[in-house]
Structure formats: C-alpha cells, structure tokens
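Enquirer: Here is what each chain is made of, one letter per residue.
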Amino acid sequence: MTTRIDRSQLAARIATDIPEGAYVNLGIGAPTLVANALPEGQEIVLHTENGMLGMGPRPAEGQIDPDLINAGKQPVTALPGAAYFHHADSFGMMRGGHLDVCVLGAFQVAQNGDLANWSTGAPDAIPAVGGAMDLAIGAKQVFVMTDLLTKQGGSKLVETCTYPLTGVGCVTRVYTDHGVFDTSPDGFRVRELFGDNTIAEIAELTGLSLKEA
Amino acid sequence: MTTRIDRSQLAARIATDIPEGAYVNLGIGAPTLVANALPEGQEIVLHTENGMLGMGPRPAEGQIDPDLINAGKQPVTALPGAAYFHHADSFGMMRGGHLDVCVLGAFQVAQNGDLANWSTGAPDAIPAVGGAMDLAIGAKQVFVMTDLLTKQGGSKLVETCTYPLTGVGCVTRVYTDHGVFDTSPDGFRVRELFGDNTIAEIAELTGLSLKEA
Amino acid sequence: MIDKTVVGVADAVAGIEDGATVMIGGFGRAGQPVELIDALIEQGAGDLTIVSNNAGNGDTGIAALLAKKRVRKVICSFPRQSDSWVFDGLYRAGEVELELVPQGNLAERIRAAGAGIGAFFTPTGVGTQLADGKEQRRIDGREYVLEYPIRADVALFSALKGDRWGNLVFRETARNFGPIMATAARTAVAQVDEIVELGSLDPESIVAPGIFVDRVVAVGERRWLEDGVFVGGVTLEGEPLAAGEESK
Amino acid sequence: MIDKTVVGVADAVAGIEDGATVMIGGFGRAGQPVELIDALIEQGAGDLTIVSNNAGNGDTGIAALLAKKRVRKVICSFPRQSDSWVFDGLYRAGEVELELVPQGNLAERIRAAGAGIGAFFTPTGVGTQLADGKEQRRIDGREYVLEYPIRADVALFSALKGDRWGNLVFRETARNFGPIMATAARTAVAQVDEIVELGSLDPESIVAPGIFVDRVVAVGERRWLEDGVFVGGVTLEGEPLAAGEESK
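Chains A, B, C and D, in that order, give the protein sequences.
Under the numbering used here, the first residue of the first sequence carries the number 1, and numbering increases by one thereafter.
Under the numbering used here, the first residue of the second sequence carries the number 214, and numbering increases by one thereafter.
Under the numbering used here, the first residue of the third sequence carries the number 427, and numbering increases by one thereafter.
Under the numbering used here, the first residue of the fourth sequence carries the number 675, and numbering increases by one thereafter.
If you are wondering where the hints come from, they were derived from the structure by calculation, not from laboratory data.
Here the structure is a predicted model, which means the values were calculated and not measured.
Just to be clear, a hint being listed does not mean it is correct.
With a cut-off of at most 20 Å between alpha-carbon atoms, the simulated EDC-like pairs for lysine to aspartate or glutamate come out as follows [to be verified]:
#1 D:K743 <-> D:E709
#2 B:K353 <-> C:D640
#3 A:K140 <-> C:E569
#4 C:K494 <-> C:E468
#5 A:K211 <-> A:D196
#6 B:K353 <-> C:D579
#7 B:K364 <-> B:D390
#8 A:K140 <-> A:D17
#9 D:K742 <-> D:D692
#10 D:K747 <-> D:D733
#11 B:K364 <-> B:E417
#12 A:K211 <-> A:E192
#13 B:K353 <-> D:E817
#14 D:K808 <-> C:E561
#15 B:K353 <-> D:D814
#16 D:K742 <-> D:E709
#17 A:K140 <-> D:D827
#18 C:K499 <-> C:D473
#19 C:K499 <-> C:D579
#20 C:K560 <-> D:D814
#21 D:K743 <-> D:E769
#22 B:K424 <-> B:D399
#23 A:K140 <-> C:D566
#24 C:K495 <-> C:E523
#25 C:K560 <-> D:E809
#26 D:K747 <-> B:D337
#27 C:K495 <-> C:D509
#28 D:K808 <-> C:D566
#29 A:K211 <-> A:E159
#30 D:K743 <-> D:D721
#31 C:K499 <-> A:D124
#32 A:K140 <-> D:D888
Simulated coverage check for chain C against chain D, where a stretch passes if three residues somewhere in it have a Cβ under 8 Å from a Cβ of chain D [said to hold, decoys possible]:
#33 534-548
#34 555-569
#35 593-603
Idealized CB from N, CA, C, for every residue including glycine.
Construct all of the structure, not just a fragment, from the sequences and the given hints.
Expert: Here is the structure:
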C-alpha cells in the first residue's frame, strides 16, 4: 500500500510553492482548498476569472452577496485592494500571461505537459469548457492538483492524453496524493514523494518510466 | 466670381446635418468650429479620441485643466454625463462604428470617397497621422469640411487622389465653401450650391463632371 | 434632449424579431438580467440565437426561454451545470444547437465585434477539439488560432445605475459580460436598479459609456441592498434567507 | 506584504538597460510622466526604442531624451507638432528611426500585447502607405490589415493615485495610454500624485489593477489641484499663470 496524503494536506503542500506577492487563480473544485492553506500574514492576490482580483474568503452567515461570486459561482468576499473588471479585461489578464500561478484539476496530464480536464469525450455528455482552456495557456505556471489514480485505479499521469485536450504542453507541475511531479520533454520528473512511496512503486502504478527531478 | 461662404457659415451648415443625440467627433482644425454652431438646447455628444465622451467648450479664463484636453491638445471642459476611457477603448469605439458622424479636414477627396488628409507626400515632411485613419474608417458618416480650392486654385475634389490616402471610399459627404457634394461610385453628386454657384461653374473649377444628387 | 430611459421592461425588449441573435449578460446569477429575460419571454420572439456564458439554470431565465422552445442555438462556454436540466434535455433531443466557446475567446470575440476587429489570433484552444477546422498560425514561436467576432442584434444585461444618456455603472462581479456585450449589439438594453440624474455618475467610474447603450430601464433595487448599502439576508439566488438557511 | 511603492524616481527607473523598448504614456502634456522621463535621462540608458503617441515637444520630456541621443527609434502616431524641433532635426538628419502607426492601431497593438493576442485584423490603414507590405484580408466583405502586438521592457506613465498593490486611478483625459501600456510592459512604472492606503481606492473605479503595475512612485500633487480639488491657475503645460496670461 502506497502512502497517500489527503486533499487538505495536498492543498497545504501546494501553498508552500506559492510565493508572497503572487497573482494566483485557483480553479473550480479541489484547487479552491489551496486558498485556506495560504500562509497567514502573507499577501497573495487571488484572481477569479469572472472579474476580480483580491478575492477573499466565503462571507459570514447571512452575508451572502449574489453579486460577489467566484468562478465556481460560490459566494466570496473582497479584500482591501480588490479591483473589479469586465470579462474581456479579465481574460486578457489571463491570456496575456499576467497570472503567476493557476491551480487546476485534471482528468489526465501527459508527461509533456498536455492537460485534459474538461471532457471525458463521453458521447452523451454535455460539453462545457468555461475558462479552463484560457487558464491552461495563460498562467506563467500551471499547477495541477489531482489524485494520482482514478477511482478505477487508472493513472491520471499518462504518456499521452486519451481524453480531449484542454491545452498543449501547458502543465508545469502535478501535485498528487502520492507525490509531486514536473513535466518535461523526456517524461515526468519526480520532485517529491510523500511518506514511504518509492519511484519504483509509482512507476508501477502509473506504467510510466519516471526520473528524479 | 463664384459665391463662397466663410468657415463659420460652413460650420453652421454642417451643424444642421447633425441630428440631436448623435455621437460626433470633430477633427482637428476647422471642424472644431462645428461645435460652436451646434443648435442650443439640443444634446449632441462630442467624442474626443484621447479618451472622452461629453466634451464641453473651452474653459473660462484661468480655468485651464492640463488633464482635460481634446485631440488637438486644446483645453476643454466636461459636460454632465461625460465619461473618460483609455485609448484602446476610445479607438475601439471609433473602429467599431459607434460614432454617428465625424467631420474631418482634407487635402483631397476623390469622387469614390477616398480621402487624403494626412500627408502631401513631400519628401522632406515629417510624417504624422494621429487618429485620422481611424476616424476615416470608423464613423458611420464621414463628413469633410474644406475649401473647394487650394490656395493655388487647384481642386480638392478630384477624380483620384494623388496624395497619400487616409482611407479608402470612406467619405460620405464634402462640405465646401462653394457647396455640398456627396460621393458616389459614379462621381460627385451636387447636394447643394451656395449663393449663385451653378453646377457648370463648379464643374469648370474642379474639372469634374458633376451630377445632381 | 437625449433620453434612453424607457418606462417598463416590455418597452425595453420591444422590437426583438424572430431569428435575432440576443446576447444575455450574467455569470451564473450575478449580473443576469432576470427581468429583461422574463420580458423577452413575454414578448414572444423565437428562433433566437442566445450568446451567454451559461445556458440557464433551474426553470427561470434562459432556462425558461429554452423550455418555451424559443431558442434555436446557444453560443456559450459552460452549458453544463448542476441544475441545467432544461438545456440538457433539449440538447440531447437535438432540439437546440450548441456552439461551445472557451470563455476567454467568447469574451474576446464579443469585444472584437464592438471594437471593429475583423478577426484575431488567440492561443486559447490551440490543439483542442474547439479549434478543429480553424485557421492556425505560428507567430513568434507560439501557436495561435484565428477567431472571429460575435455580433448581436440585441444585448440584454444588468447594471447597477444608469442615466438618461445610457451611462452605466456596475456592481462587483455582476459586471462580467455586460459592458462588452453592450458594444457588440445593435441595440443594447440595460436593466438597472435606479436611473439617476445626468451628471451624478462619476465620469471616471462609468464602465459602459452611453454611446454603447440604447435603452435603460429601472427595475428597482436588488433585494440585498438598501439605499445602496449591502444588507445581505439573501441566498445566492437573491431570495430571502429563511431562518438558519444559507443556500449554496 | 506586497509593496510596490518606491521612494524616489531614481529607484522607479532603476535597471532600464541600453537597447530597451520603453513605452511612455501621455497625449501631449496630459498624462506625460514628466518626472519619470527626467529620471530616465538621469539614469542614462541609451539606444532606446520609445513607444509613445508623440515624439516630444519643446526641449523637455521625450524631446530632452532625444536631444541627448538616447533614442534609436520612435514608434508613434504623431511626431510632428508645432514645437517638435528636436525630433524633426534628428529625423531629417537620419539619426532617429521612425515607425509611424495610426493612433488606434498603436493603442490596439499595445492592448494586444497585454492581452496575449498574437495578431489582429484591423480596418484602419487599409489602402494606405502605412499598410504597405502588410498582410491583408477580406473578411465578411470588408478589407482588413494584419497588425502585431507591441511589447515593451518598461512602461513609464502617470496616474492620479496608487496604492501599495499597484492599483491605480487616473484623472480625466490624462488616462490615455497609461492603463494599456501597463499591461504590455515587463516592468510597469507609474508616477502618481499620492500613494494612498490599501483599500481606499474604490474597487469599482480602479482603472489599472495592480497585477499590471510593478512600481509606484509619488511625485506630489499636480499644480492645478489642491487637496484633490481643481483650482486652475496654470497654463496648458501646467506652469503657473502669469497675470492675464493664458497659454494655448
């Protein structure tokens, strides 16, 4: 049995790689947990693609403001220093490479950095992409936060994505419940393994040949 | 001797063709005179490409605000209802066809609507274009305000421009000191002649075959 | 006198024709022009192409428009939501067409329409299904795909305040698509909480200048404000909060 | 703590290298970062490419930079003014290169750089000398010319107020190129009248969000304001008005 850390531990691990002063977009779902793990007393500016920089935490009970939501359509607050802008400006900010980091979920990440996180290609699924493709190609560093394995035990780290792509060669680093991996032209590089995990074990789980970072 | 009206009369004539509620850009030079001729009590919104809608007249003595200027870099004021915006938004407004009218000066206007108003092509001249090309192609109606003849007596209305173009087929109407002419695919159409002028006289002055509108 | 204000939402949506392309602002609930959509349903135009970020939630708004079979096609980035059953059903039944556009390309295509840009090269979507069949080009070492403007006959969106010249200010993330949709539509219609005197909006803070706006209709203050001050006490959908309840 | 404020203009322009591309805000005198340009002259970087709407007036600002032979090339829309003798002389002598760009294409190319657009088709300039040799295309019945982004190493511009996150507000038509140049430069430097507490700028009215801004330096209140209120009493160049004088 390999060692796995839970999602809040993983969020905390990701947070340690986000320097003070960074402009960060946290994707819908698990990546939003990273917000809670950011170090107290440090200023990191959160961007939400629906038009805001300086996003704060969920409001107190009874203080929901329907005009103030994040990209996941959850209620949020505004910190001192926040700014609002319209969608073209917000996505210009993303596309223009002004975000330092974005953290996204994934169905699959290929060793060259290809990302698949918007569609499983199931023929009866309603396709929906939102801002995923813009985030994938826009941020200076694209982090993926994901379990290493699917519920069925398949590897989400792959040689080549089989699901429809979100972006080409865009992911820089993958944070999984087993360890942290950097993408590279010649395969994933193991940056860190949690607990007792070994490269050999992860290689077996993923069917990939892995190198040390 | 043909009849000529002066510039302020011409400005007044142009003003009668600008309906209430129009969004209007008045180019540098003589066209700014049109502002003074707009009917009292009617609301016409003046745009200046350096980032403002709702431009008002020159300020009172001692009240010059260096932050508040028009495209000709002259001091102006802001009317109630004014709005400021940056250059990309301002020229988006122009290029996107949101201005109803712009009034420009000209070196030459060809009968198909080609405009030359930024360069005489003199080899030693410093070239400078400013916002002329954007205005020429952007407004729904491009009016030209000009003398019919150059100081040397040549016609500014021409079959084909010999000076470098500002825009292709963009001028809809030319207001001259002799009369008003519409451009058309088959030559200038005479919309109005001032005083005693006749089509035959203007045809002789310009060397063009002119038709009634 | 310029007066773009209209008295009721029926006047605000008057003249929308069958077959029209209608942009609808909002991102989820925020900035959704609820009253204008209701008025559009009432008005009756059909065979519409709807341009919006989402394709309706629950049974109201765009979902209600869809349910009444008024929509031929939806151009959006995210039609799949937990409560988007109306769109889902129609889409699976082949009764509504979908053009799926990455959200940033959607915003930029709308902006391009308003700004007179004929087409633009964007890196978003390169190498994905959503760029299939589109012109691609390498510029300065990076791949881009060519995208075209999206224009509309009408834009319906929500702002906070407006004046009779059509100048508008927005509120928080409810700004989203409103200002750019206004630039891209032949007739731009804003519902606002309040119409204020000309000159009372700060010219430095006007987000949509009146040149882009054709009609402004007041629909009353949003439920979570009181005289302009945030008071809360609502769910995320803007409904009154029952004791102890906080909707997700 | 994020703190983008720097104490003096020397720090604000530190590190600008020979050969750099420097965007300089302003339209005529309005929004011209006078103190930053002076500091750049002092700092000494040469062989610069300057991107600005104009190419200097009189003997100050960009004109002074030109006069000191620090500029290799100017990218601008309107270098010819009644008092642009410095540029005129250098240009006629072949000592400075000029890329003339229609003003709207200049603005849009700067905006494209900041917004990650690889290139765009614009109708401005079609059929003119300024489109010579450029790719042209007919889209939807209209001719367009392809234009590319203009990026810079540094942007120098002037705003009204800023906070330590780099959020900026502007004043009237002095806004002009500042907000878009900030997006297109690797290092964006704003001079402001005043640095204010974080949170004191209205988030609805911030024109350049701090994400685009790297350094903010306070240079003191402009001469025609007193505690933020317009008091006038200056010429168009911002110089004190002598009795009876009103400069054009």
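Enquirer: Would you mind marking each hint as holding or not holding in the structure?
Expert: How the hints compare with the structure:
In summary, the hint linking D:K743 to D:E709 is supported, as the alpha carbons are separated by about 19 Å, within the 20 Å threshold. Using a Cα cut-off of 20 Å, the hinted pair B:K353 and C:D640 holds, with the two alpha carbons roughly 16 Å apart. Restraint check for A:K140 and C:E569: the C-alpha separation of about 16 Å stays at or below 20 Å, so the hint holds. Simply put, C:K494 and C:E468 have alpha-carbon atoms about 11 Å apart, close enough for the 20 Å limit, and the pair holds.
At roughly 17 Å between alpha-carbon atoms, A:K211 and A:D196 fall within 20 Å of each other, so this suggested pair holds. Distance check on the hinted pair: B:K353 and C:D579 sit about 17 Å apart at the alpha-carbon level, within 20 Å; holds. With a C-alpha separation of about 13 Å, the suggested pairing of B:K364 with B:D390 holds against the 20 Å cut-off. A C-alpha spacing of about 14 Å is found between A:K140 and A:D17, which places the hinted pair at or below 20 Å, so the restraint holds.
Our distance criterion of 20 Å between C-alpha atoms is met by D:K742 and D:D692, whose separation comes to about 14 Å. Note on D:K747 and D:D733: the hinted pairing holds, with a Cα-Cα distance of about 18 Å set against a maximum of 20 Å. Of the pairs offered as hints, the one joining B:K364 and B:E417 holds, with about 17 Å between alpha carbons and a cut-off of 20 Å not exceeded. With a C-alpha separation of about 11 Å, the suggested pairing of A:K211 with A:E192 holds against the 20 Å cut-off.
Straight-line distance between C-alpha atoms of B:K353 and D:E817 comes to about 16 Å, which keeps the hinted pair within the 20 Å bound. A threshold of 20 Å between alpha carbons decides the hint, and for D:K808 with C:E561 the separation of about 19 Å falls inside it, so the pair holds. Restraint check for B:K353 and D:D814: the C-alpha separation of about 17 Å stays at or below 20 Å, so the hint holds. Restraint check: the Cα-Cα separation between D:K742 and D:E709 comes to about 17 Å, which is no more than 20 Å; the hinted pair holds.
About 17 Å separates the Cα atoms of A:K140 and D:D827, which keeps this hinted pair within 20 Å; it holds. The straight-line distance between the Cα atoms of C:K499 and C:D473 is roughly 8 Å, inside the 20 Å bound, and the hint therefore holds. Taking the CA atoms of C:K499 and C:D579, the gap is about 14 Å. The hint holds against a cut of 20 Å. The hinted pair formed by C:K560 and D:D814 meets the criterion: a straight-line CA distance of about 16 Å does not exceed 20 Å.
A C-alpha spacing of about 8 Å is found between D:K743 and D:E769, which places the hinted pair at or below 20 Å, so the restraint holds. Simply put, B:K424 and B:D399 have alpha-carbon atoms about 9 Å apart, close enough for the 20 Å limit, and the pair holds. For the suggested pair A:K140 and C:D566, the alpha carbons sit about 17 Å apart, so the restraint of at most 20 Å is met. With a CA separation close to 12 Å, the supplied pair C:K495 and C:E523 stays within the 20 Å bound.
Proposed proximity of C:K560 and D:E809 is supported: the alpha carbons are some 19 Å apart, at most 20 Å. Taking the CA atoms of D:K747 and B:D337, the gap is near 18 Å; set against the 20 Å cutoff, the hint holds. As the CA atoms of C:K495 and C:D509 are separated by approximately 18 Å, the hinted pair is consistent with the 20 Å bound. This hinted pair checks out: D:K808 and C:D566 have alpha carbons roughly 16 Å apart, not beyond 20 Å.
A distance of roughly 14 Å separates the Cα atoms of A:K211 and A:E159; the hinted pair therefore holds under the 20 Å criterion. A threshold of 20 Å between alpha carbons decides the hint, and for D:K743 with D:D721 the separation of about 8 Å falls inside it, so the pair holds. Taking the CA atoms of C:K499 and A:D124, the gap is about 18 Å. The hint holds against a cut of 20 Å. Between A:K140 and D:D888, the direct Cα distance comes to roughly 16 Å. Compliance with the 20 Å bound is thereby established for this hinted pair.
Interface restraint, the stretch 534-548 of chain C with chain D: holds (10 residues with C-beta to C-beta distance below 8 Å; minimum three). With 4 residues bearing a CB less than 8 Å from a CB of chain D, the stretch 555-569 of chain C meets the requirement of three and the coverage assertion stands. Check result for the stretch 593-603 of chain C against chain D: holds, 4 residues qualifying (beta carbon to beta carbon below 8 Å, three or more required).
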